[in-house]
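Chemist: What follows is the residue order along each chain.
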Amino acid sequence: AQSVTQPDIHITVSEGASLELRCNYSYGATPYLFWYVQSPGQGLQLLLKYFSGDTLVQGIKGFEAEFKRSQSSFNLRKPSVHWSDAAEYFCAVGSNTGKLIFGQGTTLQVKP
Amino acid sequence: EAQVTQNPRYLITVTGKKLTVTCSQNMNHEYMSWYRQDPGLGLRQIYYSMNVEVTDKGDVPEGYKVSRKEKRNFPLILESPSPNQTSLYFCASSSRDYNEQFFGPGTRLTVL
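Same order as they appear, the protein sequences are chains A and B.
Sequential numbering from 12 applies to the first sequence in the numbering used here.
Sequential numbering from 11 applies to the second sequence in the numbering used here.
Only chain A is shown next, with the shape it has when bound in the complex:
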């Protein structure tokens, strides 16, 4: 069955520190992979996506993610976190039917 796991429910980092949010997926074919961010009280904004090609993808707001097929992972990274990055982050895997399966989400808190 298709599934997405985000092992970390809550992460706290200091402003200026690096960030890595983990995402593991289970999917039978080559997946479409996404990271979304949701600020409090807001909708979902797409950070980046992977469909094919280069396994390191760049997104908005200085985020990047690396697709590792051997590990079934698509971890999100940022070299230096800003206070405005505090939000909930969702990893998702998509299919060619338009269906998205989301992970449970990781809440990021940024310490000053």
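Please keep in mind that the hints were generated in silico from the structure rather than gathered at the bench.
No incorrect hints appear here.
Straight-line Cα separation of at most 27 Å, BS3-like style, residue types lysine-lysine; simulated pairs:
#: 1; chain 1: B; residue 1: K67; chain 2: A; residue 2: K60
#: 2; chain 1: A; residue 1: K110; chain 2: B; residue 2: K81
#: 3; chain 1: B; residue 1: K79; chain 2: A; residue 2: K110
#: 4; chain 1: A; residue 1: K110; chain 2: B; residue 2: K67
#: 5; chain 1: B; residue 1: K28; chain 2: B; residue 2: K67
#: 6; chain 1: A; residue 1: K60; chain 2: B; residue 2: K81
#: 7; chain 1: B; residue 1: K27; chain 2: B; residue 2: K67
#: 8; chain 1: B; residue 1: K67; chain 2: B; residue 2: K81
Fit chain B to the supplied structure of chain A, relying on the hints for placement.
Modeler: Chain B alone, transformed into the frame defined by chain A:
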């Protein structure tokens, strides 16, 4: 401006009173979906539609209905709402080619 709109944004109702949440997109997308978001569970797909008059169940369809009579609209119908349908609901749309879903702003529903 390309967007997905939902109405109403907030709704408080009582058990058993039929309601409809509207969703409309102006991007001529083929795919549309409804998700519900609950704490600790991420977003779960309720129903999706791959084109006009084509709908299918997602992961949590019980208690919901949808219709897709026009390409731009995808209303979510709760015939007899119950308290366990209290949630935050998102509508999304995507094109067939890119599978990137654009999300509406969300509808916060409370069923008393």
